[in-house]
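Novice: Sequence:
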Amino acid sequence: MIANILSIAGSDPSGGAGIQADLKAFSARGAYGMAVLTALTAQNTQGVTSVHQVPSAFVAEQIAAIFDDVSVSAIKIGMIANANIAITIADSLRHHVEVPVVLDPVMVAKGGHRLLPEDAVEALKEHLLPLAALLTPNLPEAAALLDEDVASDRETMIAQGKALRGLGAQAVLMKGGHLEGEDCPDLLVTAEGHQWLEGARIDTENTHGTGCTLSSAIAAEIGKGTPLAEAVSIAKDYVAGAIAASDALSVGSGHGPTHHFHALWP
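Going by the numbering used here, the letters in the sequence shown line up with residues 43 to 308, in that order.
Zero decoy hints are in this set.
Just the calculated beta-carbon pair ranges, DEER-fashion: (1) W307 with G208: 40 to 46 Å; (2) A107 with W238: 36 to 42 Å; (3) E160 with R196: 26 to 32 Å; (4) A102 with P172: 16 to 22 Å; (5) R196 with A233: 19 to 25 Å; (6) Q88 with P269: 36 to 42 Å; (7) A102 with I244: 37 to 43 Å; (8) A233 with D110: 31 to 37 Å.
Think about it this way: if two alpha-carbon atoms lie no more than 35 Å apart in a straight line, the pair counts; the simulated DSBU-like pairs of lysine-lysine are: (9) K266 with K204; (10) K167 with K266; (11) K204 with K167.
Simulated from the structure, these hints should not be mistaken for laboratory data. We treat Cβ as the ideally placed atom computed from N, Cα and C, and that holds for glycine.
Build the full structure now, drawing on both the sequences and the hints.
Specialist: The structure is reproduced here in structure tokens:
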């Protein structure tokens, strides 16, 4: 059977990030995508100008409607918008602990717009982190969750990844795109230890929604039954290809989107 993957996240009307990116990534990885909206944003490739938050009770109703009817293979959580929504999602998913959760702690948009207030960060740490089969922070997000300086070397990435596991996540993928240098290494930290996933930095401005796309691709692979380390590796290669092919698109004048269907479109 084809895996059914649920995204719980915000909307990006320009299509490069949020649930739009998630649904594209699910489809590109051969899974059926579904979406529960937590927020509507007014944004494009140049940045976010406004956020309209969905009432937490309606978020709960959306989640309940999915689980009342559909067998869910995996869940990706992205933008949660506020503390009440974080708590509501956690309360809803505690009834479905058998479904693996990939948690992408979306805190700041590519253009610098803060998407998560401090109380929501605390709610995410307390209520959602313990539900996560995998947490996928970039280095600034990892630092914010730990109230530490942003990692600038591999040793600090390892220490922070282990610390984030200590907060409750079963595994942590530290995304190393903010490191200086020509390489773009990611670090997977699990109960068994840690492993590096190496990657070359691609010279492009088209990186809008890369975090959303990566976490969604991982969720799709996990939902298909792929073991975690292999799922992360497959998803990383997929996103690298999407970034490398992004110049084939002509979307906006800022940080353009990745090409989610680079392997499918001629």
